[in-house]
Amino acid sequence: MSSLDWVVLIATLTIIILYGIWKSRGKQSMESYFLGNQSMPWYIVLLSIIGTQASAITFISAPGQAYTDGMRFVQYYFGLPLAMVVLCITFVPIFHKLKVYTAYEFLEKRFDLKTRTLTASLFLIQRGLSTGISICAPSIILSSLLGWNLYWTNMIMGGLLIIYTVAGGTRAVAYTQTLQLAIIFGGMFLAGWMVVHLLPADIGFKQALQVSGKMEKLNVIVTKFDWNDKYNIWSGLIGGFFLALSYFGTDQSQVGRYLTAKSVKESRMGLLMNGLVKVPMQFLILLIGAMVFVFYLYFRAPIFFNEAQLARVRNTAQGPALAQLESQYGQLATQKQQQVKQLAAALEQDDAAAAATAKKVLKQTDEQAQAVRAEALSLMKKADPAADTNDTNYIFLHFVVNNLPKGLVGLLIAIIFLAAWGSIAAALNSLASTTVIDIYQRLYNGNATPEHYLRVSRLWSLIWGVFCIVVAQFASGLGSLIEVVNVLGSWFYGVTLGIFMVAFYLKRLGGTATFWGAIAAEAVVLAMYGTEQVSFLWLNAIGCVLVVVFALMIQPFVKQKATTV
Amino acid sequence: MATGPEEEKPPLFPTWRYWYALVIAWLVLLIVLFYLFTKTYS
Numbered sequence: 312m313s314s315l316d317w318v319v320l321i322a323t324l325t326i327i328i329l330y331g332i333w334k335s336r337g338k339q340s341m342e343s344y345f346l347g348n349q350s351m352p353w354y355i356v357l358l359s360i361i362g363t364q365a366s367a368i369t370f371i372s373a374p375g376q377a378y379t380d381g382m383r384f385v386q387y388y389f390g391l392p393l394a395m396v397v398l399c400i401t402f403v404p405i406f407h408k409l410k411v412y413t414a415y416e417f418l419e420k421r422f423d424l425k426t427r428t429l430t431a432s433l434f435l436i437q438r439g440l441s442t443g444i445s446i447c448a449p450s451i452i453l454s455s456l457l458g459w460n461l462y463w464t465n466m467i468m469g470g471l472l473i474i475y476t477v478a479g480g481t482r483a484v485a486y487t488q489t490l491q492l493a494i495i496f497g498g499m500f501l502a503g504w505m506v507v508h509l510l511p512a513d514i515g516f517k518q519a520l521q522v523s524g525k526m527e528k529l530n531v532i533v534t535k536f537d538w539n540d541k542y543n544i545w546s547g548l549i550g551g552f553f554l555a556l557s558y559f560g561t562d563q564s565q566v567g568r569y570l571t572a573k574s575v576k577e578s579r580m581g582l583l584m585n586g587l588v589k590v591p592m593q594f595l596i597l598l599i600g601a602m603v604f605v606f607y608l609y610f611r612a613p614i615f616f617n618e619a620q621l622a623r624v625r626n627t628a629q630g631p632a633l634a635q636l637e638s639q640y641g642q643l644a645t646q647k648q649q650q651v652k653q654l655a656a657a658l659e660q661d662d663a664a665a666a667a668t669a670k671k672v673l674k675q676t677d678e679q680a681q682a683v684r685a686e687a688l689s690l691m692k693k694a695d696p697a698a699d700t701n702d703t704n705y706i707f708l709h710f711v712v713n714n715l716p717k718g719l720v721g722l723l724i725a726i727i728f729l730a731a732w733g734s735i736a737a738a739l740n741s742l743a744s745t746t747v748i749d750i751y752q753r754l755y756n757g758n759a760t761p762e763h764y765l766r767v768s769r770l771w772s773l774i775w776g777v778f779c780i781v782v783a784q785f786a787s788g789l790g791s792l793i794e795v796v797n798v799l800g801s802w803f804y805g806v807t808l809g810i811f812m813v814a815f816y817l818k819r820l821g822g823t824a825t826f827w828g829a830i831a832a833e834a835v836v837l838a839m840y841g842t843e844q845v846s847f848l849w850l851n852a853i854g855c856v857l858v859v860v861f862a863l864m865i866q867p868f869v870k871q872k873a874t875t876v
Numbered sequence: 015m016a017t018g019p020e021e022e023k024p025p026l027f028p029t030w031r032y033w034y035a036l037v038i039a040w041l042v043l044l045i046v047l048f049y050l051f052t053k054t055y056s
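The listed protein sequences derive, respectively, from chains V and A.
For what it's worth, our numbering labels the leading residue of the first sequence as 312, then goes sequentially.
For what it's worth, our numbering labels the leading residue of the second sequence as 15, then goes sequentially.
Please keep in mind that the hints were generated in silico from the structure rather than gathered at the bench.
Just to be clear, a hint being listed does not mean it is correct.
[Stated by the list, open to error] Some chain V residues well away from chain A (every beta-carbon gap over 10 Å; in silico):
id	residue
1	L424
2	L435
3	I436
4	S454
5	G497
6	G630
7	K652
8	D662
9	N714
10	V795
11	K818
12	V835
13	A838
14	G841
15	V859
16	V869
[As the list claims (entries may be wrong)] Selected chain V positions facing chain A (in silico; Cβ < 7 Å):
id	residue
17	V396
18	L520
19	N530
20	K576
21	L587
22	V590
For every residue, glycine included, the Cβ atom is placed at its ideal position computed from N, Cα and C.
The whole structure should be built from the sequences, with the hints applied where relevant.
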C-alpha cells in the first residue's frame, strides 16, 4: 500500500473511533447502554440492522461469489422480506409490550426460567465463538494479500472497536454503524464505477453487461428446483425465510438493534425498510463481481487469486510444474482477450450469428483455462495438503489492491475494517446484554444499584471483546472459516428458533415440555452432525422441527400448565 | 413507549397491512425484474 493509502486507512478508522467516543458522552444507565433509552428513529434502526448483518466477508466474498458462480447468490436473500413481515406482525409487538432487554427475557414470561437460561446460554456459546471467527476471517485475507502480521491484524480488527463499544454501548454502536455504512456504500460505489472505468475505452457499462450475461454471470434467477443446488429461487424463498426468521427473531445481536427503537412503529419501519433495500443492495454488490469478471477477460487474471499461497507452492518441488501451468494459463488468457473483443464487437453490431460463434469459442477457451486452473489447484494440494484451494474471498481484494488508484485502495481496506467493526460491535453489545440481563442479574445479583449494573455491563463488553480476539488468534487453523461459522450456527439456530416457534404459535405447550424438547433436539442435532448423516445446512430446519415434535410428545406427561403472554 | 402497538398508525398508509403488502409486492416486482434481466442478458 502507498503512503496515501495508509493515510486514508488510518484517518478513516480514527474518525470512526472518535465519532463513537463522542456519541458515548453523557450520563448513562443500563437502559441507555443496552436499549439506547429506546429513542432511535427508524432510519438509525435500519442502518444498524444492515450494519450488523453485513460483515466484512459480505463485501469481500459476495463479488467473488458473482465472479465464480454468477449473481444467483442474490436469491439467498429472497426470504428476508417475508421474514421481516412475520417479525413485524408477531415478534416486535410482543417484545415491545413486555419491555424486554433481550429476546430471552420473553421466554421466562412465556415459559420459565430454565428455558430462558438454556436459550440465552445457547446464544452466548454460538455468538461468542462465531464472532471470534468473524474477526479472523477477514484478517487472514488481509494479512495474506498485504503481508501483514495475522495476530496484529486480528488485534486491530477486533480490538479498536472495543473502545467505543465499551464506553458507549448500543447508542455508540448504532451511530457508528450509520457513519460506517455511509463510508462503505460510498467506497463500494466508487469501486464499482472504477471497474467499468478501467475496462477498454470502447467497452461501456452496457457492453460489459452483455459480455457478462453471455458468460452466464448474470444468472440472477434460477427457477429449476434441485435439492443439491444451494441457490435457486425456491431454496432462497423457503430456506432464506427460515434462516432470516431465526437470525432476526432470535439472535440478540439483531433483536437488540430493533429494541432500541422509540416505538413499535419505528421498529417496524426499520425492519420493513430492511425488507425493501436488502435485496437490491446485495444485487448491486454482486453486480460489481460480475463486472470484475469482465475486467479479467480483458486483463490477465492470476491462476489463483491468493498470491501468498501461490508463492508458497512455487518454493516446493511442485514449483516447476506450477510454472508450466501458469504459462499455459497466460497463453489462454491472451486468446480470451482477443475472443472477448470479437464477442463485444458482434454484440455491438447486433450480429446474433457472429455473437453466438464468438461466445462458443470464448467459452471453450475459458473451459480450457478452468481445466488448467484445476490442475494447478491439484498441485497445490500435493504441495500442501492443508492448503485452502478456494480463492473466492481473494478475488475482489486482489482486484482492489492491484488495479485501483492510490487512496482508493486504502479506503477499500478501511471498508473491510468498518464492515467487520459494525457486526462485531453489535455482537459484543448483545453478548454483554445477554450475560448481564439473562445470567448475572437474573441468577446471581438482582438487587444491585443501577450504577453497579452499568459497570458490570461495560466490564462484560470488555470481557467478551477480549474473548473474541483470543478465539480469533486460534481460529486460523480451522479451515474454511465461513463454513465453520455456518456449522456453528446450524448446531444452535434451529433449536433456538424451535423454542420461539413453540412460544409464539403453540400456546398450549408449557416450559418444561419445551425445555426438555429443546435438550433432546439439541442432542439429536449434535449426534446427526457427528455421524455426518446430513449436510449441516439441513440441521437448522431439523432442529426447529424436532423441538416442536418433542415438546408436543412430552407435554401430555407434564403436569405444568401452559402460560400465555 | 407512549402508545400501544395497536394504537400506532403507520406512516403514509392507514394500516400496517398496506406496508406488509408493499414489501411483498416489491419482492415480487424485484423477482420479475431480475427474471427479465436474466433473460435479456443470457
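How the hints compare with the structure:
1. L424: 26 Å, holds
2. L435: 28 Å, holds
3. I436: Consistent with the label, V/I436 stays out of reach of chain A, its closest Cβ about 32 Å off (over 10 Å).
4. S454: V/S454 clear of chain A: closest Cβ-Cβ about 36 Å, beyond 10 Å.
5. G497: It holds; V/G497 is separated from chain A by about 24 Å at its closest Cβ, greater than 10 Å.
6. G630: Holds, because the least Cβ-Cβ distance between V/G630 and chain A comes to about 41 Å, which exceeds 10 Å.
7. K652: 19 Å, holds
8. D662: For V/D662, whose nearest Cβ neighbour in chain A is about 17 Å away, the distance exceeds 10 Å, so it holds.
9. N714: Holds, because the least Cβ-Cβ distance between V/N714 and chain A comes to about 24 Å, which exceeds 10 Å.
10. V795: 31 Å, holds
11. K818: Check passes; 19 Å lies beyond 10 Å.
12. V835: 34 Å, holds
13. A838: The assertion about V/A838 holds, with a minimum of 37 Å to chain A.
14. G841: 38 Å, holds
15. V859: Per Cβ check, V/V859 is outside 10 Å of chain A; nearest 25 Å; holds.
16. V869: V/V869 clear of chain A: closest Cβ-Cβ about 32 Å, beyond 10 Å.
17. V396: For V/V396, the interface hint holds, since the closest Cβ of chain A sits about 5 Å away, which is under 7 Å.
18. L520: Holds: closest Cβ of chain A sits about 6 Å from V/L520, inside 7 Å.
19. N530: 6 Å, holds
20. K576: Hint holds; V/K576 Cβ to chain A Cβ min 4 Å, cut 7 Å.
21. L587: 6 Å, holds
22. V590: For V/V590, the interface hint holds, since the closest Cβ of chain A sits about 6 Å away, which is under 7 Å.
The structure is consistent with each of the numbered hints, conforming to all of them.
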